[in-house]
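Visitor: Chains as they are written, first to last, in our numbering: chain A, 850 to 987; chain B, 26 to 211.
Mixed in with the good hints there might be a few duds.
[What the hints assert, rightly or not] In the DSBU-like style, the derived pairs of lysine-lysine whose C-alpha atoms are separated by at most 30 Å in a straight line are:
#1 K851/A - K910/A
#2 K74/B - K930/A
#3 K912/A - K84/B
#4 K927/A - K55/B
#5 K984/A - K75/B
#6 K84/B - K910/A
#7 K84/B - K927/A
#8 K133/B - K851/A
#9 K910/A - K55/B
#10 K75/B - K930/A
#11 K927/A - K133/B
#12 K55/B - K925/A
#13 K851/A - K84/B
#14 K984/A - K74/B
#15 K925/A - K84/B
What the hints contain is simulated information worked out from the structure, not anything from laboratory work.
So you can see what is in the structure, the chains are spelled out below.
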Amino acid sequence: MKTIIYLFIGIFFGITLYMSEVSSWFRIYEMFQFNSFHMYGVIGSAVFFGAIFTFLIKKLKIKSVFDQTLISLTDKEKGWKRYLIGGIIFGCGWAISGACPGPMFSLLGAGFMPIVVVIASATLGTFFYGLIRSKLPH
Amino acid sequence: MLEFLTQPWPWYFGGAMIAIVLFLLLWTGKTFGMSSNLRTLCSMMGAGKKASFFQFDWKAQGWNLVVSLGVVIGGFIASNFIASTNAVAISTETVDQLVALGFEDAGKSFAPKLLFSNNAFSDPYVMLLLILGGFLVGFGARYAGGCTSGHAISGLTNFQLPSFIAVIGFFIGGLFVNHFIIPFLF
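Generate coordinates for the entire structure from the input sequences, incorporating the hints supplied.
Guide: Below you can see the structure in the form of structure tokens.
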């Protein structure tokens, strides 16, 4: 039952990523060129509505739908090095592949088969991070 | 209404739907973050034998793999049964720039044929670009502890300073490559 619910949330997300054109390489290129408000609007309104939802969850002490425990949002670890350096590396890849991890899966479903190569190398990149993690500044 | 849904969605509608996805995942006791799935995939394939970073109970992350499977199905449904057009409504300025770079289908197709048609498989240079782009996304996302969903959406909605720093990083890297590297790549 729970599995079906997560599958439907994913389907809904995949449709959204395609229909709002977030999965399109062209939109990512355009975003970095500042030629359109579209991507900033999508991310900005997602953060705006998401912040309201997050505020309400905390304020109204909304409980988890499955086990009735209080929904707790964990804070990210403090620091800045990993976020800045990792973020810059991520951004470099984002500008080339035009796809971040969510849109990659939606493009796969839409039938753009070369995205398989991007997903595989992103998995490899993740593996490489795990290998050299202790040598990196965090 | 039906026409509204089959046309490319306006930014405010797309953004609101992403916020609903975030809410549904929080409400079911989970978090919104897609790049964690890549770590889970590594663990599933036995990466725990090589690095302790992958030694965790990956089965507990099964729900997120199911979400990403759903995203694949969602992409299939949207492109085949919902979208009334494959064209992406990018600005004419962007179209002109991209055509000059060699992207002849800019503004006409959903993703550039140069990179994402099956011809890409027989072009070693394009393969190299896709491998490089993907590798940096996967490495950077894990190093930064999240991607666009984990930091830009989940983190910013919860007013997390680290996520704000990560998003600034995304744009430093993206702007640099877009403006100074892409013109040399194509």
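Visitor: Are the hints correct? Go through all of them and say.
Guide: Checked hints:
1. K851/A - K910/A: This hinted pair holds, its Cα atoms lying about 22 Å apart.
2. K74/B - K930/A: With Cα atoms ~28 Å apart, K74/B and K930/A stay inside 30 Å; holds.
3. K912/A - K84/B: 24 Å, holds
4. K927/A - K55/B: 21 Å, holds
5. K984/A - K75/B: 15 Å, holds
6. K84/B - K910/A: 29 Å, holds
7. K84/B - K927/A: OK: K84/B and K927/A at ~28 Å, within 30 Å.
8. K133/B - K851/A: 39 Å, violated
9. K910/A - K55/B: 16 Å, holds
10. K75/B - K930/A: 25 Å, holds
11. K927/A - K133/B: Violated: K927/A and K133/B sit about 44 Å apart, past 30 Å.
12. K55/B - K925/A: Answer holds: K55/B to K925/A is near 15 Å, not above 30 Å.
13. K851/A - K84/B: 14 Å, holds
14. K984/A - K74/B: Measuring from Cα to Cα gives roughly 18 Å; hence the hint holds.
15. K925/A - K84/B: 23 Å, holds
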